[in-house]
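Build the full structure now, drawing on both the sequences and the hints.
Residue numbers (the numbering used here), protein chains in the order written: chain A, 1 to 304; chain B, 1001 to 1407; chain C, 2001 to 2429.
Mixed in with the good hints there might be a few duds.
Claimed, not checked - Stretch-level coverage of chain B by chain A, calculated; a stretch enters the list once three of its residues show a Cβ under 8 angstroms from a Cβ in chain A:
{"id": "1", "region": "1151–1161"}
{"id": "2", "region": "1278–1286"}
{"id": "3", "region": "1327–1335"}
To be verified - Straight line, CA to CA, 20 angstroms or less: simulated SDA-like cross-link-like pairs of lysine to any residue:
{"id": "4", "chain 1": "C", "residue 1": "2155", "chain 2": "B", "residue 2": "1193"}
{"id": "5", "chain 1": "A", "residue 1": "103", "chain 2": "B", "residue 2": "1235"}
{"id": "6", "chain 1": "C", "residue 1": "2221", "chain 2": "B", "residue 2": "1109"}
{"id": "7", "chain 1": "B", "residue 1": "1092", "chain 2": "C", "residue 2": "2332"}
What the hints contain is simulated information worked out from the structure, not anything from laboratory work.
All C-beta atoms in this analysis are idealised placements derived from N, C-alpha and C, irrespective of residue type, glycine included.
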Amino acid sequence: MNFSDLLNIGLMQGFAGLSLFAVLLLMGLGLAIIFGQMGVINMAHGEFMAIGAYTIYLGSQLTEQYAPSLMPVYFPLAVILAFCFAFAGGWLIEWSLIRHLYKRPLDTLLATWGISLAMQQCFRTFIGPKEVSPTLPDWLLGSWAPVSGLDIPRNGMFVLALTAVVTCGVLLALSKSRWGLRVRATVSNRVMANATGIDTRKTDRLTFAIGCGIAGVAGAAFTTIGSTGPTSGQLYIVDSFLVVTFGGAASLLGTVVSAFGIAQTQSLAEFFMPGSMAKMLTLTLIVVILMMRPQGLFASKVRR
Amino acid sequence: MTALRDLIKRYQLASVLVLTLLLAVVLPLTLDIFRLNLVGKYLTYAFVAVGLVMVWGYGGVLSLGQGVFFGLGGYAMAMFLKLEASDPITTKIQSTPGIPDFMDWNQLTALPLFWEPFKSLPFTLIAVIAVPTLLAWIISYAMFKRRVGGVYFAIITQAVALILTVLIIGQQGYTGGVNGMTDLKTMLGWDTRTNGAKYILYYVCVALLIGSILLCRWIQTGKAGTLLLAMRDKEDRVRFSGYDVANFRVFTFCLTAALSGIGGALFSLQVGFMSPSFVGIVPSIEMVIFAAVGGRMSLVGAVYGTLLVNAGKTFFSESFPDLWLFLMAALFIGVTMAFPMGLAGLWQDHVVPWWAKRRSEMRKDKAAAARRAAEDDASGAAPEAAAKAPRAAGTPERLGDVAGQRA
Amino acid sequence: MSQPENPHDRLKGVSDSADAPSPFRRRILQGLSAMPILAVPGISLAQKFPTAKVNTTKLAMTETEVTVGQLHSSTGTMAISETGSIQAEQLAIDQINAMGGILGRKIKVIKEDGASDWPTFAEKSKKLLINDRCATVFGCWTSASRKAVLPVFEKENGLLYYPTFYEGLEQSKNVFYTGQEATQQILYGLDWAKNEKKAKSFFLIGSDYIWPRTSMKIARKHIENFQKGKVVGEEYYPLGSTNFGSLMNKIKLQKPDCIFAAVVGGSNVAFYKALKAAGITGNKQLLLTLSVTEDEMTGVGGENFAGFYSSMKYFQSLDNDNNKKFVAAFKAKYGPKSVIGDVTQAAYLGPWLWKAAVERAGSFDVDKVVAASPGIELKQAPEGYVKLDANHHLWSKSRIAMGQPDATFKVVAESPQLIKPDPFPKGYQ
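In structure tokens:
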């Protein structure tokens, strides 16, 4: 064990923290957008992630069967498809349920929980109770080793890049696009926004669908790390919630910072102590900070 | 006589009486001991549901972490029972006899210090109520003082539920981990697994539940109840009137935590074990649906809701396991979309007006015979019907107002 | 066809001559055509064993039928693992029924869903024992579900056949354990790693609950006290954890000769994907696991597990006649894509062990079945010959197999003798 070995391990450890950060951020982003804009907590968030993950799985199965030559390129296409499916699902659910409940935000929580149960059973009935994981293209497998002893996981790099693209995309869209303008107008004053001719209902629907779509992308990215089963959504949502709660649910920046903080704490703690202890330490820290700042790290200035 | 009638009306004693009759007489006579024990288990969840009516229906604050308090109460009781079940003779096969089996499996060689007091029953009984209440106080004081409420409160309580689950599962040497605490047999030498004991525990459970409902009803009809409703609907106005909003909320939240703790303790006693699967997010949300199905404004309704959903769960998972989740999903969506006031709302909106109408019609018939008396009666009945029969599916505000007026 | 007067004599004859619990009708028709049990129509056999005589404890049965329970999770997180056990038990019961049942009675199954929730398991086990009066129950998978139902079975004096390899430290009168207990599964594997692969330093990794913790405790004692090797790391991760990045770096820091893993459920997939992504592969690193069967392999993916080793008592690719027939029958019933893991095979043994014990006892009464059970042998078990010990566990062989890229296993080593089950191992506590 010499100095360069230690340096390599240090580098890899830094990257482990970064890729965990990317995963957490991607998971929490969709939830944060929907909550920040609409005050709605989407309990079916995890299931939308599962939709994305299943899309990748089905994509890999179909490609393997009908067009094996396309294996190297199916993955990015399937990610886009995952966004579209989850987007469509979100649109449908906003239209059929959520829009009737804007006056009762607590009830959206229950209704979306109901949806998540129904979706879980759908996965189980139509896809099967077993956990599945897609066949990944070769460029996503294994590690990139620039020098011997330094292995940077390729799936980690992919997730990191995807997260960067999605996050920048969302931030840009919010600050530059017409949709972003409407969203910001609606958030700061719904009645006034309505009066100036913004269709706030349409804005809401689009926002909800985009949030769900991002969840789909997150689920798609997650297939490179873990497996997908009918109840995976429940596992995902736990982390998503922690990130969003800790960050201060109304702020995107808060989500980014909290994902970074949680990821680095956990990843470092895991390196220096057993995994279970590390998880506990991270959670305890979150609780203590939440007790002191119950509104999260970055609370919106607007008093509700 | 009128005083008694007023009292009954004020505390809705008639419905409580019907519930008592059903639980204490009808069910024990019609069900065998196995099914009755199941009902007893469901009733322990009803403590949580009743608490949710107070904190959610009346307080307007949804907690998705009630399982935490249920679990803490249950664990406190389970610790006492487990210690009693782990006497040195029955555990002589262990490397350290006399400590609970899961500690031995996790290489603990002595009883941890915080377990020691749970050798005493009085301490345990106090802990069943005090521990959940204390945690509830810490959480709610931090939140409500900073005016955190609504959806945000819901997700923070959820985070607490999650964290506690991880703690319990992670510290398996002290808590039994995923397995929970199993094989609880006796309480002070009294075998809780016999049929006779099950009957007694069932009646204890019913008595405590009815007592809790009456206590909550008493709070609702008092000044605190009125203030809670007012806070739910116009928090700022109450604050401007000089009331400390946070303190009332903290009080209600702690009360529900204590009730949930009692429910948990009764669960450990009746079922004979406790596991972390009651602490997490999923059970906590399921308990909310019990209250929602029964009617979030009705204490008695919450009990019916709990019984119905659980009976449905048992029945459907026995007969059509695949359909169960769909049905549960439909329940969640249906109750929030179409019947926000649950069963109690249906009763209030459809059965009561219909009955009032029938009565006033009957009185009108009599009025034909004696005109003067009829006019008095009709004028007496009409406003009541008008107050109870309004609108399609009662929005929380509307029904709350009615309840407020009544109080 | 004359029947011996005393049912015990007759049954002893059966189990001596040809080991009654054969799953394979063809074999039975060929070799055992002399067996009285087949030649006599079920109803007359049942007359030989009137219900009043074989059932003195009010179990649910008629002259033609006996009711048993099946208690697994068909919903929830554990459905993934338990589906195989449900299928295998059903297959065994169907085969037994096709042979005429047990003491002339067809087996009727009441299926209950534990929904991956331990309290539900306890509730359903009460229903099966108290309400349905099941003669026996096949079920449970996780240790937690077994611990939840155990008091119920002991209180109501029920009978449970439990299929999973597990941590040991338990021996109940009312439970038969058809999977391996910890020492059976672990010690042979560790010795193989030491002798064949010259492994001296070990890194122990498990999910954080009782089974991995107990298994690792035994492994550590064996490595340190008996092999004089070194444990360079011992790590537990919460159930369902998918974040193994830091662990990979710890492994690289320690450079163990052998990674010894017992990670379960969804974490399993993430763990092997993380190994692959960190460049720790089968051709560079020895890894021996206690928790990857063919069932898990479909989720983990052959490309992620290729070259790693698994220690089990059964693999689908075992090369013997019993197993070939079992695999064929299983695939015929559940489709060619279905896979059979260690636990699935152990679950398949349950109904056969019960049948043998009932026939030896000449009664369905739980106490008599339990008394007749020790020493029962199954020569037709897919894993090969097994024997039931007086401590309610099975004598079985241990095997090591290497994962292949196509998600199958190739057996590379097998213990020469049956290993005695030892749920309370001395020197490992």
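Going through the hints against the structure:
Taking a C-beta to C-beta cut-off of 8 angstroms, the region 1151–1161 of chain B contributes 8 residues in contact with chain A, enough for the three needed, and the coverage statement holds. A stretch counts as covered by a chain when three or more of its residues have a beta carbon under 8 angstroms from one of that chain; for the region 1278–1286 of chain B and chain A the count is 3, and the coverage holds. Judged by the Cβ-Cβ criterion of 8 angstroms, the region 1327–1335 of chain B is covered by chain A as claimed, because 7 of its residues qualify and three suffice. Only pairs whose Cα atoms come within 20 angstroms are accepted, and residue 2155/C paired with residue 1193/B is accepted, the gap being roughly 8 angstroms.
Between the alpha carbons of residue 103/A and residue 1235/B the distance comes to roughly 16 angstroms, so the proposed pair stays at or under 20 angstroms and holds. Between residue 2221/C and residue 1109/B, the direct Cα distance comes to roughly 17 angstroms. Compliance with the 20 angstroms bound is thereby established for this hinted pair. Taking the CA atoms of residue 1092/B and residue 2332/C, the gap is about 49 angstroms. The hint is violated against a cut of 20 angstroms.
Hint compliance for this structure: hint 7 alone is broken.
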